[in-house]
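Go ahead and model the full structure; you've got the sequences and the hints to work with.
Protein chains in written order, with the working numbering: chain A, 79 to 345; chain B, 79 to 345; chain C, 79 to 345; chain D, 79 to 345.
Calculated from the structure, these hints are not laboratory results. In this text the structure is predicted, and so the values were computed from the model without any measurement. Be careful, since some hints might not be right.
Which copy is meant is left open, so a pair is good if it fits within one copy or across any two.
Stated by the list, open to error - Mimicking SDA-like on lysine to any residue, the simulated pairs with C-alpha atoms at most 20 Å apart in a straight line are:
| no. | residue 1 | residue 2 |
| --- | --- | --- |
| 1 | Lys223 | Ser245 |
| 2 | Lys265 | Ile297 |
| 3 | Lys233 | Arg329 |
| 4 | Lys233 | Gly308 |
| 5 | Lys233 | Phe325 |
| 6 | Lys102 | Asp125 |
| 7 | Lys233 | Leu305 |
| 8 | Lys223 | Leu246 |
| 9 | Lys84 | Gly169 |
| 10 | Lys265 | Ile291 |
| 11 | Lys230 | Gly308 |
Number of protein chains: 4
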Amino acid sequence: MYKKLKYQIYLLLDPAQEDRRWEKIIDYLLETLIFLNIIAVIIETVDAIYNSYKLYFNVFEKISVYIFTLEYLLRLWVCTNEVKYSAPVLGRIKYIFSLSALVDLLAIMPFYLPFTNIDLRIVRILRLFRFLRIFKLGRYLNATKLIASVFKSKKEELILFLLITISLIIVASSFVYFAENQAQPDKYSSIPATMWWCVTTLTTVGYGDIFPITPIGKILTAVIAILGLGMFALPAGILASGFSDEFQKRRQHKEKNICPHCGKEIE
Amino acid sequence: MYKKLKYQIYLLLDPAQEDRRWEKIIDYLLETLIFLNIIAVIIETVDAIYNSYKLYFNVFEKISVYIFTLEYLLRLWVCTNEVKYSAPVLGRIKYIFSLSALVDLLAIMPFYLPFTNIDLRIVRILRLFRFLRIFKLGRYLNATKLIASVFKSKKEELILFLLITISLIIVASSFVYFAENQAQPDKYSSIPATMWWCVTTLTTVGYGDIFPITPIGKILTAVIAILGLGMFALPAGILASGFSDEFQKRRQHKEKNICPHCGKEIE
Amino acid sequence: MYKKLKYQIYLLLDPAQEDRRWEKIIDYLLETLIFLNIIAVIIETVDAIYNSYKLYFNVFEKISVYIFTLEYLLRLWVCTNEVKYSAPVLGRIKYIFSLSALVDLLAIMPFYLPFTNIDLRIVRILRLFRFLRIFKLGRYLNATKLIASVFKSKKEELILFLLITISLIIVASSFVYFAENQAQPDKYSSIPATMWWCVTTLTTVGYGDIFPITPIGKILTAVIAILGLGMFALPAGILASGFSDEFQKRRQHKEKNICPHCGKEIE
Amino acid sequence: MYKKLKYQIYLLLDPAQEDRRWEKIIDYLLETLIFLNIIAVIIETVDAIYNSYKLYFNVFEKISVYIFTLEYLLRLWVCTNEVKYSAPVLGRIKYIFSLSALVDLLAIMPFYLPFTNIDLRIVRILRLFRFLRIFKLGRYLNATKLIASVFKSKKEELILFLLITISLIIVASSFVYFAENQAQPDKYSSIPATMWWCVTTLTTVGYGDIFPITPIGKILTAVIAILGLGMFALPAGILASGFSDEFQKRRQHKEKNICPHCGKEIE
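Encoded structure:
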């Protein structure tokens, strides 16, 4: 009976992949609680709201933590039902150090460590990562898989794009630093400071907190900004061809390829 | 005769899909009136112009509303010619609550409710939505259908893109808030305030009203902004492959691939 | 002999499509003169440079205008060699009102109208359009044709994109105007003023001269800016599929299509 | 024995294309030293850090230069092993003036020319170009080749894009200059100054240091900014189709399309 209960709880906590009613309800409740926790973390930072509803926020946080703690302990108990955590002690230790369990633990720990004087509120936002499980479920699964496989198949090109971007930032920042440092020693104070400017320019954010004033600096900036257009174009082009590839592959899987010579199907 | 008149008016008010002269003229006149109304709403807000030509604006508005009211009542009268509104009473009630009729009503109602003390001028801009009917007609119909079907076929990927964007905004805002709040408590005053900054950065608008000044905040921003490049690339890639798909489909429909020499079809 | 000279001059002035040495030299000289004129117009506006080298600029301008005037008159004389301008009088009048001749005339006229007290210097920049002939020649002809045919084949989609953009700007500006006008009456003073803000936001330029401060204005802006991402993606997607189409078409022209049934080539 | 040593050193210094252990170790050591040098150049410019660790930076620089000098001399000695530099004297002179050797020389020379009173620190950043050799090696070779071949095959279109961009900048700057010069003579002081504004607008950087205030200037800017959207789209579209082409070519090379049932090739 103990084993059966354990297995029942295991099924309840597992993401609802099959159409089991109770699994789904528990899953939706937990997702909703996580969602509300994220909203709470966000609006708690608005002082006016927090000061008015301090009590409610604290009560909600307390209840949430108790539920998440219960969930964590239950998961730790029943995790041995999974093959990779099946060893009673070692399996559970392995589970504790799995990514999803660590995120779960980090999200509840700050509550039990009130004596720490550093601000651990940020940790609660980690619950967002739990919320991201939604991508794995239901209707977005196909789209998630598609985007993931596009990124995967074009990984090397995208990493190369990042390397090129970083190289360009270093070179451009060095040149603009030597061009602008004399004219604006407080703004272009060092190459790292210039790199900040370079990123905001190359990505075309352009806050306007720091911009070149010397002719040579402006010409370099113009070149960098137009290169920036190309930078935009590169990942767009890579991903566009990646999506085309992926869609084509899927269509080809659907359409049956029949050899015109012998009439048999080819996989 | 009553029925015939009713049917005649119904044909006149219906979008000119066939080459009937009077339908077209009425349609063009109404479109022009709507267009002029939009222009009027826009330039009325320029105080210098409004104060000089107040009388003309008011007269024009009065005439417009009378015409739109007449049109609304006529449409309400003749709508029973359409199959789905054919029931004399229920059909008309159904018509009143149809989207296009509601927009029509909302656009004229403010005029008849002068005793309301809230500003209802914005409602008149709703006439723009009537103007959007132009997309359904004539030469842009093909392009509209194309873009609509691309968005439809890639709907899931685009929604997923939005979900990823929103998740990124929440996570990034939380981290930057904890990094910058101490240094700039008036600007990064809360996570919602930081989310405003995050949107303007991720979309590379970068007004410059709020930007990070701490090293950790700047590094996080650099990462976010470069991720922003990828964000741009994602919908561009999705839509590009969507358009390619759609064009290919259309071509395949057209071409039957018949050999001009032997007349047989080629796959 | 008169006719032969006229034909010779006609050949000389005609864009060097064949490998005739003199044609090419004249063409290069004229292109260079136009290029130098553009540079002169640009750097003349720098007061420090203009005041130091006033004399040189004026002499250069005088010589340029004399040469362009001579060229204009010669072209007017020999234009009858072209079929469409072959009528001695009517053909020349037709030529005068052709676009390229009008640009040529506008570029020299300000010089002969010194008594006009309005600033006609801008007109000289029109010579740039003459310079654009370079796109028609030599090595970039293929690329120019390609880009032109892509824009042509996707014309409807791009116009529709513009219509959507304009509609979005009108609707967004109206809503943000009513949201921000009370809070910043000097900046969001009217819908046209808000449209200026809207364009700089939607295109992600974001100068920072005008930005929303009310919560509702900020939320609307966030929505607009994220829609702006989609706006970017739309023409990119359209053009990407357009280029793919065009390249595929060209490749198919090259590869000979042979019917598998009768072995004959299909065009 | 001398020849053998020379050949051994040549192999050691050559980028590790084969799996030779010592080559690889030397290569990694040199890459690491270059990487550390780049980091040093960057953080040396932060005065606070430089002043605290001046001694360490100088010692590190000295050691680096000695190693790079040794490497340079060794390379100069053994370069005759390569076919194109095989002539003992002329080959070495030819090697000295090769791009990679010049970069190597420029990166160490400033150290031996301390009597120069101009700032030669920037030259040290040239070592970055040496670091770029990483793109030629190992895992990113494929992606580098791919991106390079895409840029190569679409070179003409990209150059044309640049020509169009430059033309647009010149025309737009001239018009906006004449529109804004009267209203803001200090900001839109000349066409070159306006070109700076135009580049930051067209690339959507929009620092906000300079923006139009006249109605005509704002309308022109709106047109330019929306054209800017198209500018973005053009290279994205070109590169997207370029990547698609390239991937398709590669796939066609791989697949020989043989029917698994009858063994015949299918076109």
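We went through each hint and held it up to the structure:
1. Taking the shortest Cα distances, Lys223 and Ser245 sit within 20 Å of each other only across copies (17 Å), while inside one copy they are farther apart (31 Å).
2. When the C-alpha separation of Lys265 and Ile297 is checked against a cutoff of 20 Å, the pair qualifies both within a copy, at 18 Å, and between copies, at 17 Å.
3. When the C-alpha separation of Lys233 and Arg329 is checked against a cutoff of 20 Å, the pair qualifies only between copies, where the shortest distance is 18 Å, while the shortest distance within a copy is 23 Å.
4. For a Cα distance limit of 20 Å, the shortest separation of Lys233 from Gly308 qualifies both inside one copy, at 19 Å, and across copies, at 13 Å.
5. Taking CA atoms no more than 20 Å apart as the test, Lys233 paired with Phe325 passes in both settings, with 18 Å inside one copy and 14 Å between copies.
6. In this assembly of identical chains, Lys102 and Asp125 lie within 20 Å of each other by CA distance neither inside one copy nor across copies; the values are 36 Å within and 58 Å between.
7. Taking the closest pair of Cα atoms, Lys233 and Leu305 come within 20 Å of each other only across two copies (15 Å); inside a single copy the shortest separation is 22 Å, beyond that limit.
8. In the homo-oligomer, the alpha carbons of Lys223 and Leu246 lie at most 20 Å apart only across protomers (18 Å), although the nearest pairing inside one protomer, at 32 Å, exceeds that limit.
9. When the C-alpha separation of Lys84 and Gly169 is checked against a cutoff of 20 Å, the pair qualifies only within one copy, where the shortest distance is 15 Å, while the shortest distance between copies is 58 Å.
10. Proximity of Lys265 to Ile291 under the C-alpha cut-off of 20 Å is found in both arrangements, the shortest distances being 11 Å within a copy and 12 Å between copies.
11. Proximity of Lys230 to Gly308 under the C-alpha cut-off of 20 Å is restricted to the inter-copy arrangement: shortest distance 14 Å between copies versus 22 Å within a copy.
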